[in-house]
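Residue numbers (this note's numbering), protein chains in the order written: chain B, 17 to 278; chain E, 17 to 278; chain R, 17 to 278; chain P, 17 to 278.
Just to be clear, a hint being listed does not mean it is correct.
Pairs involving identical chains hold if they fit within one copy or between any two copies, as the list cannot separate such chains.
Stated by the list, open to error - Within a straight-line C-alpha distance of at most 20 Å, the following computed DMTMM-like cross-link-like pairs (lysine to aspartate or glutamate) qualify:
1) LYS199 x ASP21
2) LYS185 x GLU218
3) LYS247 x GLU62
4) LYS199 x GLU278
Quick caveat, the hints were computed from the structure, so don't treat them as lab data. Nothing here was measured: the structure is a model prediction, and the numbers come from that model.
4 protein chains.
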Amino acid sequence: MFRFDENKCYKMPAHFGGNDYVVASTRYHDTVNLSFSYSTDRAMLEAYIPEAFTLVRPEVSVGFSQCRGIDWMAGSYYNLVMVSAPVRFDGARDHVEASYVLVIWENKTTPILSGREETGIPKVFSDIEDLHVFEGQYFTSLSFEGNTFLALHFSEAVPFGEQELEAMKTVPMDMIGWRYIPKVGGPGAELSQPIFFPQYCEVKRAWRGKGALRWTELSWLQSPMQAHIIKALADLPILEMNEALMIEGEAVMSAPMARVLE
Amino acid sequence: MFRFDENKCYKMPAHFGGNDYVVASTRYHDTVNLSFSYSTDRAMLEAYIPEAFTLVRPEVSVGFSQCRGIDWMAGSYYNLVMVSAPVRFDGARDHVEASYVLVIWENKTTPILSGREETGIPKVFSDIEDLHVFEGQYFTSLSFEGNTFLALHFSEAVPFGEQELEAMKTVPMDMIGWRYIPKVGGPGAELSQPIFFPQYCEVKRAWRGKGALRWTELSWLQSPMQAHIIKALADLPILEMNEALMIEGEAVMSAPMARVLE
Amino acid sequence: MFRFDENKCYKMPAHFGGNDYVVASTRYHDTVNLSFSYSTDRAMLEAYIPEAFTLVRPEVSVGFSQCRGIDWMAGSYYNLVMVSAPVRFDGARDHVEASYVLVIWENKTTPILSGREETGIPKVFSDIEDLHVFEGQYFTSLSFEGNTFLALHFSEAVPFGEQELEAMKTVPMDMIGWRYIPKVGGPGAELSQPIFFPQYCEVKRAWRGKGALRWTELSWLQSPMQAHIIKALADLPILEMNEALMIEGEAVMSAPMARVLE
Amino acid sequence: MFRFDENKCYKMPAHFGGNDYVVASTRYHDTVNLSFSYSTDRAMLEAYIPEAFTLVRPEVSVGFSQCRGIDWMAGSYYNLVMVSAPVRFDGARDHVEASYVLVIWENKTTPILSGREETGIPKVFSDIEDLHVFEGQYFTSLSFEGNTFLALHFSEAVPFGEQELEAMKTVPMDMIGWRYIPKVGGPGAELSQPIFFPQYCEVKRAWRGKGALRWTELSWLQSPMQAHIIKALADLPILEMNEALMIEGEAVMSAPMARVLE
Chain B
17 MFRFDENKCY
27 KMPAHFGGND
37 YVVASTRYHD
47 TVNLSFSYST
57 DRAMLEAYIP
67 EAFTLVRPEV
77 SVGFSQCRGI
87 DWMAGSYYNL
97 VMVSAPVRFD
107 GARDHVEASY
117 VLVIWENKTT
127 PILSGREETG
137 IPKVFSDIED
147 LHVFEGQYFT
157 SLSFEGNTFL
167 ALHFSEAVPF
177 GEQELEAMKT
187 VPMDMIGWRY
197 IPKVGGPGAE
207 LSQPIFFPQY
217 CEVKRAWRGK
227 GALRWTELSW
237 LQSPMQAHII
247 KALADLPILE
257 MNEALMIEGE
267 AVMSAPMARV
277 LE
Chain E
17 MFRFDENKCY
27 KMPAHFGGND
37 YVVASTRYHD
47 TVNLSFSYST
57 DRAMLEAYIP
67 EAFTLVRPEV
77 SVGFSQCRGI
87 DWMAGSYYNL
97 VMVSAPVRFD
107 GARDHVEASY
117 VLVIWENKTT
127 PILSGREETG
137 IPKVFSDIED
147 LHVFEGQYFT
157 SLSFEGNTFL
167 ALHFSEAVPF
177 GEQELEAMKT
187 VPMDMIGWRY
197 IPKVGGPGAE
207 LSQPIFFPQY
217 CEVKRAWRGK
227 GALRWTELSW
237 LQSPMQAHII
247 KALADLPILE
257 MNEALMIEGE
267 AVMSAPMARV
277 LE
Chain R
17 MFRFDENKCY
27 KMPAHFGGND
37 YVVASTRYHD
47 TVNLSFSYST
57 DRAMLEAYIP
67 EAFTLVRPEV
77 SVGFSQCRGI
87 DWMAGSYYNL
97 VMVSAPVRFD
107 GARDHVEASY
117 VLVIWENKTT
127 PILSGREETG
137 IPKVFSDIED
147 LHVFEGQYFT
157 SLSFEGNTFL
167 ALHFSEAVPF
177 GEQELEAMKT
187 VPMDMIGWRY
197 IPKVGGPGAE
207 LSQPIFFPQY
217 CEVKRAWRGK
227 GALRWTELSW
237 LQSPMQAHII
247 KALADLPILE
257 MNEALMIEGE
267 AVMSAPMARV
277 LE
Chain P
17 MFRFDENKCY
27 KMPAHFGGND
37 YVVASTRYHD
47 TVNLSFSYST
57 DRAMLEAYIP
67 EAFTLVRPEV
77 SVGFSQCRGI
87 DWMAGSYYNL
97 VMVSAPVRFD
107 GARDHVEASY
117 VLVIWENKTT
127 PILSGREETG
137 IPKVFSDIED
147 LHVFEGQYFT
157 SLSFEGNTFL
167 ALHFSEAVPF
177 GEQELEAMKT
187 VPMDMIGWRY
197 IPKVGGPGAE
207 LSQPIFFPQY
217 CEVKRAWRGK
227 GALRWTELSW
237 LQSPMQAHII
247 KALADLPILE
257 MNEALMIEGE
267 AVMSAPMARV
277 LE
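Looking at chain B on its own, in the form it has when it is part of the complex (with noise of 0.2 Å):
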């Protein structure tokens, strides 16, 4: 019969065997990266943040990375968004500032499970296109089963001189997800605790340039799990976008070195 070896790292299913626990690095060879930021009302996406933290500007980031040659998945590949506001912890023993993730869209359930149950990042699946580029526009569109509800353009890029570049050549990039894990049979939680996971950037090539995003809200029939996640983003105003950013390079992340925040 199986028996679980306490020494040992699983992932459901469980009982074809574990792994040894490892504390490395996983990295993602090949990054394009678009970065987009604005600030919104501070009271509504406060609504939001759970009340251990507090949120260090009324900032909503929402961020596009179309991942390849990612070393765990053997060299496989996904898109992401990434939708995030800036948060400070301070407990009893960890202080830190890191990106809340508000969601993560993704177009492949492989790292949405891990990213769920290993470290609380909220992932979701949608439909996300490769980056199109046409004559200095670069774009893509977010669908749940046919229904678009998200469009993102960045255009008038200008590169980053050699200096800029070398002053930016790591950029830090942790986050802090909530794992929830429900009761079985009942409301409430079996598991419920904010996390920490550090990640970071090295940076090859970036580009400034302007942003556009554009939010369709979907009906309960078009997406009954998704659809109040889309409208509160959706409601959230966008009182000033900030300067967008491309991004190409390599991301490295370690949920072994990840930590549940105290």
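Use these hints to put chains E, R and P onto chain B, whose structure you have.
For chains E, R and P alone, coordinates are given in the frame of chain B:
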């Protein structure tokens, strides 16, 4: 700021709000199911059954379901293939027999997330063709990122008679999953528990027939997260193939009535 | 070396061999169809009808079909949405009324190729959701590379009575397409001809109901090959929506019996 | 009513309007190409080469291209695998050497339609994974409706030196397709002609390496339209595998400059 309500049920991302706990069933209004099973080597199969259970018969079941008209998904659809073995649990409180789920492949992320996080059903993703139907042959295949690993074929269908059908009106399909949520920053489990998930099928039409299935092992490069699962299952000898079944009907399941086995 | 045989039928690539010409029908064993139609502005619609025809009624039909168990595809399946108008052809030889196909969207390439090259049916690709069915609502949507451009919704279904059903047992669905193959290295046609393609549907069950459809225009950036088609159709006013129909049945079509209209 | 203009270029559906004929090239701004070739049995290969040509060498080329930033598709993308043989055409007017295209698989319909109808390139659909890149291994696989039929693998890459690269700056990739449009209502061709389609690649980076490819035959049930193509190609013996190449660059092609060979 967002505050969790212990009387609510949440899914990640939790901070956009939860729902009341309601003991309700959800219905899959239109399902077509192919059911294959075969006897195998007891010791080899037991290697994948947690020692909390006893194996009732050294038998592997492989069931394909094409599910449409799913209430909780607002009428959407997906396909799945479940591999399971019949087990018995005799605990301090619970005494049940059910199908222990070795793995379920599904071709949509949404039900994979609910299944794993809410009831410990070890679902993973693959592409699964809708049923091809040609001159009395019903067949489908499963692939991961372009690599076929399982082909299913049903033929020589003989319809059930009126009386037989009457006798099997409602077929129990109770499942047991093992929910495993890993610790953050170290080996071992934060949560590790067997969960009983009651379900049944209301049969509308049924056929006996001949079943055939063919596993193709994948390399680690082709499927780093699933190659060991496919290999384990492909290695189980098919000692004797039982009669196969095709069933059209409605499936009824109730995650709120699931319970941790004790 | 490969030599063409003028008594054979070829598809590109032709050099792997052709087939005998056989006057045979092919059957789609399992289709679900939603049928919408509405009156529109005559002049606007006529702008898209070649002058070889007369427009019978200023009416646009939009039909969704979910096709399964397709014989010539070895039991495979696809979805389509056809937009057409009723026309009459009075030529030197032929005098027929049929649906002039303005466009058909299909979600598989294989039938698109046959339709275009063999019978001039102007099929193009889009993603088309299988029918979602929830509490008496039947709906689907079409999108191109992540951008939704058409949503269809059917509700308030009232089943046909026994007698009505008997009366509509076999429904003709004859189509006319315009086959156009361009010259190489210059403007104009190498081949430009109207083709009559006879088909019919054997109805098993049918419902009357309420139909709704919503076009969303796409920009050239979103769909450079189809934006003008979608715009043309979206601009046709919906003067009066007719009763919608839902039909389950089998479709029978015979490309070998198609003929160039003269 | 709609009237064709002989000075315009149309695509089906034609009645929504045509375009002016412009002798222009279109650019694929970002392509990654894997190039495999091997010697094979001359007679077996010649069986698939129309007698209008002579086979220059008994050699099969298999080329994978991952194409991004495609101008005529407004910056969209697709993957293709081309199988070809080097041929010579000596006609009354034309004397050319080029790659005779045995088949091209592409994972999008739009370029399949243009290729077939405008230049006779025999493109058909399959799923084609983007390149997986892991520890110096580059690989992909092709499948049709869930059934893998070709796997490609490139490794041991050695980059071209500065000078070598300079020498191969622009690589001609001229193709010949055979455009075949069948008669309606009978066997034989309405149109049957060889077409020369000039193209070239601007090389940015290149590597020599080791190539491997594995064909898997499909049954008629698995792929009724392509099983015979795959079988024909899989049956060609791989007598000697040549050095494989990986090339990053831009592709330039000009359908308007294509011409029927005479």
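Now for the hints, and whether the structure bears them out:
For the identical chains of this complex, LYS199 and ASP21 are inter-copy neighbours only, at 13 Å across copies versus 24 Å inside a copy, given an alpha-carbon limit of 20 Å. In this assembly of identical chains, the alpha carbons of LYS185 and GLU218 lie at most 20 Å apart only when taken from the same copy (6 Å versus 31 Å across copies). When the C-alpha separation of LYS247 and GLU62 is checked against a cutoff of 20 Å, the pair qualifies only within one copy, where the shortest distance is 15 Å, while the shortest distance between copies is 41 Å. In this homomeric assembly, LYS199 and GLU278 come within 20 Å of each other (Cα to Cα) only across copies, at 15 Å, whereas the closest approach inside a single copy is 22 Å.
The structure meets every hint from the earlier list without exception.
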